[in-house]
Amino acid sequence: MNLNLCLTAICDGVSSAALLYLTALGLTLIFGVMRILNVAHGSLYAFGGYLAATFGIVIAQRGLPPALALPALVVAAIIVGVLVGGTLEVTLLRRILDKDPILQLIITFAVFMILEDVQRLIWGSQPYFVSDVVNQLGMTTVLGITYTNYQLFVLPVMALVAFLGIQYFLKRTRLGREITAVTHHREVATALGVNAKHVSLLTFIIGASLGALGGALASPTTSLVPGIGADVLVLSFAVIATAGLGQLAGSAVTALVIGIARAFAVYLMPEIEVLVPYLIMVLVLLVRPQGLFAAAEVRRV
Amino acid sequence: MRTRGLTVLLVAAGATLPIFIPWLKTPVILAINNGLAVLGVLVLIRAGQVSFGHAMYVCASGYAVAYAGRFFHLDGVVLILAGTLASIVLGALIGLFIVRYRAIFFGMLNVAFSMVLYSILVKFSTYTGGSDGMRVDRPPFAGFTFERSGFETTLLYVSICIAVLAALIVQRYFASASGQALAAIKTNETRLEYLGISARRVFWGGYVASAALCGLGGSIAALAQGLVTPETGYWVRSGELVFIAILGGSSQAIGAFLGAVVFEFVRLYAAAYVTGAWQLVLGTALIVIIFAAPSGLVGLVTRFGRGRAGGHAS
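Protein chains in written order, with this note's numbering: chain Y, 28 to 328; chain C, 1068 to 1381.
Misleading hints may appear alongside valid ones.
[Unchecked claim] What follows is a set of in silico ranges between Cβ atoms, one per label pair, in the way DEER data are often shown:
id : chain 1 : residue 1 : chain 2 : residue 2 : range
1  : Y       : 217       : C       : 1298      : 40 to 50 Å
2  : Y       : 217       : C       : 1250      : 30 to 40 Å
3  : Y       : 149       : C       : 1235      : 44 to 54 Å
4  : Y       : 252       : C       : 1250      : 48 to 58 Å
5  : Y       : 217       : C       : 1257      : 45 to 55 Å
6  : C       : 1089      : Y       : 151       : 37 to 47 Å
I should point out that these hints are in silico values taken from the structure, not numbers from a laboratory. We put the CB at the ideal spot given by N, CA and C, even for glycine.
All chains should be built: construct the whole structure from the sequences, respecting the hints.
Here is the structure:
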């Protein structure tokens, strides 16, 4: 393996890690506050992707200014986050907070099944691939390899902005502090005057938007097909489980490790590419069952 | 035991109806074998755990049957045993790792393993036939060579016998010491450990048993259909198993089969009307059941029976 290939693999890895991180961040954020693993998160990713692709098509067909293409991706994600995410939280998730964790898992799984079909009913099952944004932003040649600006700069910057934004929001703003308080102890936070209901809704919308953003930003570089939601969900779970559930910063590290390892596998051993994320997860969990960055916690029986 | 009448009714219907209405044979065989797999999922639900990847054991045993049939031309009985054994071995290995985890981790790690199996089966198409799957030729059964119809009848009765036996064994297991220990994983794992019982070992036993039941169902289903595809191990199928367990009611072994029969026939009819929205219907029904009838169909039936027997007392 020569240096060029090595660099290409790293670029591939970093850009896919950025997408993975955005999605995983949403999943782990929601888990942190609501203690529910939202299996339907994969669908939010897919919805974000499809809506972004639809926007891309509309922009191209109506002859709207191409500069709109990039903001349209973000707008698509927020629309999905507020509409789909908000509806989900209000109608279902807030009603199951006190249910058995198994039932919570089954219910979000049921939502996932429903949304998968809704997605197929709206967008059909033919693949969507709208890459105008990528072409528009051009290419850069670094150290002998040519790479798209979109993947090289836009994706990592977006992930970084999301990471720093969330950190700032949670640590420095009042609302963010309230979210942190609810994460630590819902009842005590409520007793101290935090409106846990609002906090849950807000967190869920932010988390859902991040999931949708992952899909929206992925749409110009991958083709969207039915079933993509399940793959992404399990992959994001691998990322957050390797880091430790609820570890926002740790997830960034594991997303990078998994993204880059997978990219190298594509070039070196393509047969096991799909297995790499799970191998990493299994190896880490064997040694540290609570994840790399989480402190060992007594299991709540 | 209020479910006894229900069991007799179900067995009698399964054994006689397909003789008069021949096209019922295949759906009934598939329903029974689906029920076996659901019974496996039920064993885990007893321990308070739910797996969204158990279709992988159904799928793995199907492929084991296909391979053993293709290369060794074995008898049908041996094929069923071989398929089940393959699932047991796979379950025992994965179980070693997976019994350390509970709840979300347990559910999701099972999904991860099942997706790995699925993508291997699709990817290595030179060995596995890719997404088209593998044919399973009709083998001789217990030394006899059958025509299609005779073969199906044989499978039907074999399935019914195995299902009844499996349900009885599972009920006995739940009542046994290790079955009680399994249920204690749900209620209070710490106390279980204080009693000097290794929760992991107990759970491992349950996990292997559940893989074996899925494998048993998967092997017979593969013989009945004459085909295995990776789709048998797709996460949607795992979801269906959990769905049927909740639909039937997770407190009794009979729930698995009642749920599977209802499911199979609703699918036969409904799938034609709601093509493309099947999962939507399933998901919605699942949520409604969880909120409206948490004890499933068996719960509804027993409540109805109790209402009649109790008369004005209730």
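Q) Within 40 to 50 Å or not, the Cβ separation of residue 217 (chain Y) and residue 1298 (chain C)? A) Given about 46 Å between the Cβ atoms, the range holds.
**Q.** residue 217 (chain Y) versus residue 1250 (chain C) beta-carbon gap, inside 30 to 40 Å or not
**A.** holds (33 Å)
Q) Do the Cβ positions of residue 149 (chain Y) and residue 1235 (chain C) conform to the proposed distance bound of 44 to 54 Å? A) Between residue 149 (chain Y) and residue 1235 (chain C), where Cβ atoms are some 48 Å apart, the hint holds.
Q.
Range first: 45 to 55 Å. Now tell me if the beta carbons of residue 217 (chain Y) and residue 1257 (chain C) are that far apart.
A. Roughly 28 Å apart at Cβ, these two residues miss the hinted range, so it is violated.
Q) Measuring from beta carbon to beta carbon, are residue 252 (chain Y) and residue 1250 (chain C) in 48 to 58 Å? A) About 42 Å separates the Cβ atoms of residue 252 (chain Y) and residue 1250 (chain C), which means 48 to 58 Å is violated.
Q) Does the hinted range 37 to 47 Å hold for residue 1089 (chain C) and residue 151 (chain Y) at CB? A) Given range 37 to 47 Å: holds, Cβ gap about 38 Å.
The structure does not agree with the numbered hints 4, 5 stated previously, though it agrees with the rest.
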